[in-house]
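These protein sequence lines are chains Y, B and Z, in that order. Our numbering puts the first residue of the first sequence at 277, with every later residue one more than the last. Our numbering puts the first residue of the second sequence at 257, with every later residue one more than the last. Our numbering puts the first residue of the third sequence at 205, with every later residue one more than the last.
In case anyone wonders, no lab produced these hints; they're calculated from the structure. We put the beta carbon where it would ideally sit given N, CA and C, even for glycine. Hints may contain errors.
[Said to hold, decoys possible] Per label pair, the in silico range of CB-to-CB distance:
id, chain 1, residue 1, chain 2, residue 2, range
1, B, P345, Z, S445, 53 to 63 Å
2, Z, S540, B, P345, 27 to 37 Å
3, B, F371, Y, P525, 23 to 33 Å
4, Y, S409, B, P345, 22 to 32 Å
5, Y, S409, Z, K452, 52 to 62 Å
6, Z, S635, Y, I596, 36 to 46 Å
7, Z, N352, Y, G316, 51 to 61 Å
8, Y, A324, Z, K452, 51 to 61 Å
9, B, K272, Y, V389, 14 to 24 Å
[Stated by the list, open to error] Here are the simulated SDA-like pairs of lysine to any residue, each with C-alpha atoms no more than 20 Å apart in a straight line:
id, chain 1, residue 1, chain 2, residue 2
10, Z, K597, Z, Y433
11, Z, K292, B, N334
12, B, K272, Y, G403
13, Y, K308, B, M451
14, Y, K308, B, A450
15, B, K541, Y, L401
16, Z, K641, Z, D449
17, B, K272, Y, Y395
18, B, K541, Y, Y395
19, Z, K330, Y, A350
20, Z, K641, Y, V353
21, B, K396, Z, S540
22, Y, K399, B, K541
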Amino acid sequence: MIGTSTVSTDIAQAAPPRGRRRRFSQLSRRDKTVLFVMVGIPAFIHIALVWVPALLTAILSFMKWDNVRPVDTAEAVGFRNYWEIFTIFDNQLFPALFNNLVLIVWLFLCSAVGILLAYLLDKNLKGTRVYQSIYYFPVVLSVAVVGFIWKSVMFNRDAGLLNILWPGDPIDFVGDQSKLFEFNLPLLDFPLGLSTNFAALLVAMAWRHIGYIMVLYLAGLKSFDPSLREAASIDGCNEWQTFRRVVFPGLKPINVVVAVITVIEALRAYDIVAALSEPRGTEVMGTLVTNSLTGEGGGYAGRGSAFGMVLFLLCIGFIIWYVINNFRERDA
Amino acid sequence: MSSGASVQSVGDSRMKRVLLQTFLIVVAVAWLIPMVAALLSSFRYFERDTQVNGVFSWPETLTLDNYREAWEVGGIKNAFANTMFIVLPALVLILLLSSMVAYACSRYSWKFNVFFLVLFTAGNLMPQQVIFQPLFRIFKNTPWPDLLSDTDTGSLLGTKVAVIFIHVAFQTGFCTFVLSNYMKTIPKELGEAAMVDGASVWRQYWQIILPLCRPAFAALATLEFTWLYNDFFWGSVLLNQGSERPITSSIAVLNGQYASDYNLIAAASMMIALPTLAVYLALQKQFISGLTLGANKG
Amino acid sequence: MTGKIEKSPSPSEVGFSLMSRRTLLASAAAVAAGGVVLAACGDDEDEGGSGGGGGDAGGEVTFGSNYSDEKPKAAMQAAIDSAGLNVKVNTVDHNTYQENFNTYVQQPDDVMCWFAGYRMRAFAGKGVLGDISDVWGNLPDMSEGFKNAATGLDGKQYFVPFYFYPWAIHYRKSLFEEKGYAIPNNWAELLELCEKMVADGITPFAAANDGGWPQMGMFDMINLRTNGYDFHVSLMGGKESWTDDKVKQVFTNWGTILDYYQPDVNGRTWQDAATALGNKEAGMYLLGTFVTSNFDAETQQDIIDDIDFFAFPIIDPVHGKDAVEAPIDGFMMAKSPKNEAGAKALLTALGGAAAIDAFLAVDPSSVAANSKAKTDGYNALQQKSAELVGSAKYIAQFLDRDTDPDFAAKVVGKAIQDFLADPSSIDTVLSTVEEQKQTYTFE
Chain Y
277 MIGTSTVSTD
287 IAQAAPPRGR
297 RRRFSQLSRR
307 DKTVLFVMVG
317 IPAFIHIALV
327 WVPALLTAIL
337 SFMKWDNVRP
347 VDTAEAVGFR
357 NYWEIFTIFD
367 NQLFPALFNN
377 LVLIVWLFLC
387 SAVGILLAYL
397 LDKNLKGTRV
407 YQSIYYFPVV
417 LSVAVVGFIW
427 KSVMFNRDAG
437 LLNILWPGDP
447 IDFVGDQSKL
457 FEFNLPLLDF
467 PLGLSTNFAA
477 LLVAMAWRHI
487 GYIMVLYLAG
497 LKSFDPSLRE
507 AASIDGCNEW
517 QTFRRVVFPG
527 LKPINVVVAV
537 ITVIEALRAY
547 DIVAALSEPR
557 GTEVMGTLVT
567 NSLTGEGGGY
577 AGRGSAFGMV
587 LFLLCIGFII
597 WYVINNFRER
607 DA
Chain B
257 MSSGASVQSV
267 GDSRMKRVLL
277 QTFLIVVAVA
287 WLIPMVAALL
297 SSFRYFERDT
307 QVNGVFSWPE
317 TLTLDNYREA
327 WEVGGIKNAF
337 ANTMFIVLPA
347 LVLILLLSSM
357 VAYACSRYSW
367 KFNVFFLVLF
377 TAGNLMPQQV
387 IFQPLFRIFK
397 NTPWPDLLSD
407 TDTGSLLGTK
417 VAVIFIHVAF
427 QTGFCTFVLS
437 NYMKTIPKEL
447 GEAAMVDGAS
457 VWRQYWQIIL
467 PLCRPAFAAL
477 ATLEFTWLYN
487 DFFWGSVLLN
497 QGSERPITSS
507 IAVLNGQYAS
517 DYNLIAAASM
527 MIALPTLAVY
537 LALQKQFISG
547 LTLGANKG
Chain Z
205 MTGKIEKSPS
215 PSEVGFSLMS
225 RRTLLASAAA
235 VAAGGVVLAA
245 CGDDEDEGGS
255 GGGGGDAGGE
265 VTFGSNYSDE
275 KPKAAMQAAI
285 DSAGLNVKVN
295 TVDHNTYQEN
305 FNTYVQQPDD
315 VMCWFAGYRM
325 RAFAGKGVLG
335 DISDVWGNLP
345 DMSEGFKNAA
355 TGLDGKQYFV
365 PFYFYPWAIH
375 YRKSLFEEKG
385 YAIPNNWAEL
395 LELCEKMVAD
405 GITPFAAAND
415 GGWPQMGMFD
425 MINLRTNGYD
435 FHVSLMGGKE
445 SWTDDKVKQV
455 FTNWGTILDY
465 YQPDVNGRTW
475 QDAATALGNK
485 EAGMYLLGTF
495 VTSNFDAETQ
505 QDIIDDIDFF
515 AFPIIDPVHG
525 KDAVEAPIDG
535 FMMAKSPKNE
545 AGAKALLTAL
555 GGAAAIDAFL
565 AVDPSSVAAN
575 SKAKTDGYNA
585 LQQKSAELVG
595 SAKYIAQFLD
605 RDTDPDFAAK
615 VVGKAIQDFL
625 ADPSSIDTVL
635 STVEEQKQTY
645 TFE
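Extracted from the complex, chain Y is given alone in its bound form:
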């Protein structure tokens, strides 16, 4: 099955021989140096501009600093910033955490829809290309455009499309912070719940997320060995069984990627919320971090960094889970 002209899905099918990777020690000194440079330059840029600032942010989260005065005016305050965000700013932190949690669940549902669409499009029906382009379309739009479309064209209370189609009283999709459902947690003196405007925002997010996942999964499906699927259907599996028992497990690596992208997108969510001017009820961790660290009011670098570290720790948890799943077996 190996293609001769290009290496694409064909070669991909031919399971690569494992464990035959070149040993580093067998290389000449010159080759070693070349390899070292090849990894060294990108690694230096990456570490210097991503990991070092991340470490500094971690340090800043234990400091009090106004972002503007020289850094040496920063003073250590121990865990004070953390204490503040968990007790005094609890009415911002916990709704944000809850919204992020809702987003994780929601985006997983969206990912499932994306996978379904990918699976349907993989059947090579008429017009597959067109559908594929349409579903993917929102992904290529910039956030400013997406924000404009939803806030002004769709959600606007007085003239938005959704309110024109809606038969009842107009709904303030942007500003209505009343809760669709709510519950109380033991240590909080206010209820948590899903507010109307955040629910509306979920629709806008789904619009973007589904196409993204659809394309990723489609790429996976295209490289899936069709003979396995045929074998399954000869064995009497119906379509759902084939998908569930053969295709889905066979695509485990890509499932992991989709799961990680979904979780990280949910945790990092910021831009669409900001584009809708982040009314009360739609706060997520991303907006709390950004407002404290970059806004004009961003004179509280320590607190912002503490918000940032909470977000970072949540992300890193998933990153570690992902890394274990993705690298352990194949590089053993």
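Given the structure of chain Y, go ahead and fit chains B and Z onto it with the hints provided.
Here is chains B and Z on its own, set in the frame of chain Y:
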């Protein structure tokens, strides 16, 4: 059910196809509604049509005036040039650097290759705002010759080079991940044959592996172009000169005075979306086939 | 839009629609040409006045501008041209400019556009602004009030005022005439008027709060009328308790007119609310005078001409109508500008009458700070604005300009949104504000 009478099964599958097509069309229409609404409004006048008759009234006249005005007021030409100045070098660097790391880590086994893959991948998943403040200081304190940038700030801060750097630092992670998965699917024999011929590590990389990675490059170029092109955050926090800012800031410019002139913003939105759309449509086929994220173990 | 928490705009950002877009550029060019002549006369004066500092007043001065919209941008260019200096303008869209000011000010242009009051003092206190007390020696036409607004806590000046614009209750004259409504002088009359409007099928108050800032204006006005200017300033300075009965009274008063608001305030943009005022669905609208910029000069001149305003009614006779809210916009200098002499010359020129005359000729949206500026060209709203502010004993800026901007946006702004969503929750809301206030360091 697979062994049913053939006539019935043909009827069945036609029925199924019709249902499937209907479903896909319904979803597609739902997907397009917001876009079409925005597109339509970009061809209308605001004050004497939309504002008077309502956003979803039948337009009195269609016009290209919004496009012309958005083009002029939003400074789209200059902003587009800025974006290209950032995106194209960044794209080339990202693909080059990440393919080097991917090559070194996926085709050779040495002590730290897993570590580096993890480092790059995890870094890419980090929330960007978290690192902004320290990064700002780092750029501010890094001297940079004015000769190598088009501004005279004396430091990296305020130059497009800084934006290129941070894009490279961030996006190399994702590309390394995709490319290393892709390279693992290339048979080792290819490299070994070259080794026997006495090819150096660099020649193997440059002459054998890189050309084979074209589909993956196409896929990554599409994705990365979209991401870099649509970046607003780094472009606005690192560039202090309005005339240096990328195209995403054009909408922000239009958003003040004309905040309620939806039609004008819609026109700008459409223009801004065009390049990414064009890139996607042009590379669509390679995009799907090259995005091997580590599937197919057979 | 992509900015994070939005701030109240200034008319420079939104512009007035008193002139059509097409005539705009022509008039800008005309004014610019005139400005050069004026500047040629005023040049010697500037040179003499701006002593000290390095650089050459004739060299290039960089100017950071948030006047990004078409008309204000042209107006600002006219003002700069009137100075006759070699100025390189860096225009950034106003929302991003404000959002990023914290970082921008660390790599600034020589002269920067900014706002008076706490918002200026905060940066002066952080030591990132240049002392321009000597420039004030050349600004004899600025009143003492403006000088105070330009003065940092250390007693030095860091700001040159350019213009201001008041907040007031706007209405359509024709509607009031047609229905026989009278301008309410006090709170009872206001409530009475609201009842009449309801009976006539009109929503008394157009109301918006998208971005979290528009309703800060209502809080300010009710607080100024209920508790007076001194208490307001003290509250903004973090010196009063937000759980004080006086603050609660503000929200109680506010609660009595909430029933007369357009429903669903939190998600509406100020422009959509202005449209409701324009087509007479709503009777009154508390906003800055930039409200008219929502209407197009070419097709809606009748609406623009029909819009008038009145001062916020009296709540407590002790305070009467002695305070007005009128944000001041102007300029500051960087801590160490590349061309200090040039920067000071530019600031001196911008503080002069010629610059603001040139600006207002293109964009007549506000009122000159300079007392020698031409007022005969003022339109009716400008004249009324000048009178309103002139007759006021106290001038407040705006909530997000009078206190820590972070506190304004993240604590008070959110509290107001919570109050509007559920007025009965006010006790919890205020105790949260008081608790969170403790983490801020007010000056």
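Please verify whether Z/K641 and Z/D449 have alpha carbons no more than 20 Å apart.
holds (17 Å)
Between Z/N352 and Y/G316, does the beta-carbon spacing fit 51 to 61 Å?
At 59 Å between Cβs, range holds.
Lying within 52 to 62 Å: is that true of the beta-carbon distance Y/S409 to Z/K452?
Given range 52 to 62 Å: holds, Cβ gap about 58 Å.
Pairwise beta carbon distance, B/P345 to Z/S445, judged against the given window 53 to 63 Å:
With Cβ atoms ~56 Å apart, the hint holds.
Is 14 to 24 Å right for how far apart the beta carbons of B/K272 and Y/V389 are?
Taking Cβ atoms as reference, B/K272 and Y/V389 lie about 19 Å apart, which means the hint holds.
Has the given pair, Z/K292 with B/N334, been kept, meaning a C-alpha gap of at most 20 Å?
holds (17 Å)
Do the beta carbons of B/F371 and Y/P525 sit within 23 to 33 Å of each other?
29 Å Cβ-Cβ, so the 23 to 33 Å window holds.
Does 36 to 46 Å hold as the CB distance between Z/S635 and Y/I596, or does it fail?
This hint holds: roughly 40 Å between Cβ atoms.
If you draw a straight line from the CA of B/K272 to the CA of Y/Y395, is it 20 Å or shorter?
holds (14 Å)
Distance restraint evaluation - Y/A324, Z/K452, Cβ atoms, bounds 51 to 61 Å:
holds (53 Å)
Hint consistency between Z/K641 and Y/V353 [alpha-carbon to alpha-carbon, up to 20 Å]
At roughly 18 Å apart (the allowed maximum being 20 Å), Y/V353 and Z/K641 satisfy the hint.
Below or equal to 20 Å on CA atoms is what counts here, so check B/K541 against Y/L401.
holds (16 Å)
Every hint, counting from the list given before, is met by this structure.
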